[in-house]
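Q: Produce the entire structure from the sequences given, and follow the hints as far as they go.
The listed protein sequences derive, respectively, from chains U and Z.
If you count the first sequence from 1, position 108 lands on 458 in the working numbering, and the numbers rise without skipping.
If you count the second sequence from 1, position 47 lands on 397 in the working numbering, and the numbers rise without skipping.
Keep in mind that the hints were calculated from the coordinates and are not lab data.
It is possible that some hints are incorrect.
Each pair may be met inside one copy or between any two copies, as identical chains are not told apart.
[Claimed, not checked] SDA-like mimics (lysine to any residue), calculated; alpha carbons at most 25 Å apart, straight line:
hint : residue 1 : residue 2
1    : Lys631    : Ser516
2    : Lys631    : Arg471
3    : Lys556    : Ala666
4    : Lys631    : Ser592
5    : Lys631    : Arg465
6    : Lys631    : Ser604
7    : Lys669    : Ile495
8    : Lys631    : Arg517
9    : Lys556    : Ala403
10   : Lys669    : Ile635
11   : Lys631    : Asp670
12   : Lys631    : Arg467
13   : Lys631    : Pro591
14   : Lys631    : Asp522
15   : Lys631    : Leu590
16   : Lys556    : Ile621
17   : Lys556    : Asp496
There are 2 protein chains.
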Amino acid sequence: MSYEGRNVLVTGGLGFIGSNLTVRLVELGAQVTIVDSSRPGCGANPCNIEPVADRVRLIPLDIGEAHQFREALRSSDVVFNLAGEVSHIHSVEAPERDLDINTVAQLRFLEALRRERPGVRVVYAGTRQIYGVPQYLPVDEAHPIDPVDFNGVHKYAATMYHLMLSRSGHLDAAVLRLTNVYGPRMALSIPCQGFLSTFLRRLILKQDLEVFGAGSQLRDPVAVDDVVEAFLLAGASPSLPSRTYNVGGPEALSLGRIAEIAAAVAGGVGILYRAFPAELKAIDIGSYHTDWSRMQRELGWKPRVRFEEGLACALAYYKDNVHRYLDPASPNGCSMPEHAGKRRRLALIPA
Amino acid sequence: MSYEGRNVLVTGGLGFIGSNLTVRLVELGAQVTIVDSSRPGCGANPCNIEPVADRVRLIPLDIGEAHQFREALRSSDVVFNLAGEVSHIHSVEAPERDLDINTVAQLRFLEALRRERPGVRVVYAGTRQIYGVPQYLPVDEAHPIDPVDFNGVHKYAATMYHLMLSRSGHLDAAVLRLTNVYGPRMALSIPCQGFLSTFLRRLILKQDLEVFGAGSQLRDPVAVDDVVEAFLLAGASPSLPSRTYNVGGPEALSLGRIAEIAAAVAGGVGILYRAFPAELKAIDIGSYHTDWSRMQRELGWKPRVRFEEGLACALAYYKDNVHRYLDPASPNGCSMPEHAGKRRRLALIPA
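A: Right, here's the structure in full:
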């Protein structure tokens, strides 16, 4: 798998996963162009790419404005398509904003891409959220699609674009359906990148962790390094026997167990069990863990980083960089200012 | 099943299926309000509701402008949601127009509806197109979702809205996935309501029917009267054991056989077999027929009208009304004038 000298486009490259991927691609010798609009609430942070900033080209536009960077599309050898809004909570507050970011902009981007660079390999960052409440565990790619919130609907619409345009020969896409990802460069100031972001923040601030309900729901956290490896494999594989691949962690852990491990790794924090807030209950999906055997079988991927290890690595990163992630003036904020006026009351996870 | 005195909202009520439903609802004593923007290309025709025009309220707005008819939402007992663009060909020509009509407008409509009339029964006109190329026949509701064009993606996004908002208790929706529907009030001037519309037009004009390829693909045409009955049952059923129901015809017929029956019923036309145009081949799905046993089991519905019968009935309707459907100045046109300038060359079915 060689990325040496290849032109790689990373949408959402200032975000959590996109920036980790970008840093790795630069290490591998790729010529990386990032497209990222730094839309508030979506997790972009220019600090994320600091180690490689002078070796990366940044196009500060929305992917929906693809007519303004046609040449970058035309010269790309591989496209990693990670731009989007991942917050389920935001999507409940402002569904049309989520539709705009996750579906409308993707349609414009993919239509431009298929015209400028027909048949190009695209790897799209999908989500396990589209499966909704699991009907069986572990969840494989044949599981019915049944999203429980607008974010899931809109991400699935974008997934269908990728698959449909691949079937008709316009693109050559792989869709990775990601479980809960964690690691360095995750946004911390905002409750919109999932409970692992909230946990990380509290560990860093030496605040007790909060677990809602009995904490018995299973999750399979996957380290961002493993996810980056999955993207790299999907981007460089000569063929894609399937187009859709689940990407999950090495072990299924209860939320309570995850909190225990986290508290032990960080030291000095406790765990509080609290009643499940009704607003979160409505979009909770119970237990989930991933059957990623297709990805292993077809592309040779498996998750390697155990949760203790990955969490220790993340904490080490934030130790040196915490001011870049917890500064309230940082562009990492989750305020959705363009909708602040319309915002409905919704009890968020207490900060 | 009583609709006597009930307030019923029909979106897309000037279109083919919506108008047949409206006429029937008025006969049953319902107070019908239609919301229809008469957007060119989507099949609206004011002549469709002529027999009941003085007993129906018409709101000439797009469903996405739902904030302008809140009171109509608030007073509705049942909503039949048929507004949309059904043309797969249009969606290939102008994907963003299709997204706007079939997804963005639906999101705005459903968000307004759930606020103004929480928990209301909604019956959405879905499509079998979302299944894509059948992996088995007949196709039941558990068949994987795999649309082959933008129209399928966007209709499925709207389907997910209905199901997701029902799961969370905001609406009480049923989704009917319709196979090829035919009958009185079908648009004829436009090649955008499927091959049965084209066949009808040619029968009326005494032009030979054209069959692409060998004509061996199966379809199960369903008469609009049967479809209307399915909507009425789904709208009035005390409970919906499932939310998604396939609606199909009484028999699987090859396209060649459909053409033979049509030619025999109409008399005086022949059948020409032609090579499949590449542009249509790309969105063709091969054979399809419906497993509608869930609808029969749970809601007591089955298709009753055989194709010969239904076609004779449709031809009788057009005999008296043909000038309202073939007049080139009619609002039935399929020209998509708002996109005429951008239109890409695409060989349509010869008119």
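Q: Which constraints among the numbered hints does this structure fail? Numbers only, ascending.
A: 7, 9, 10, 11, 17
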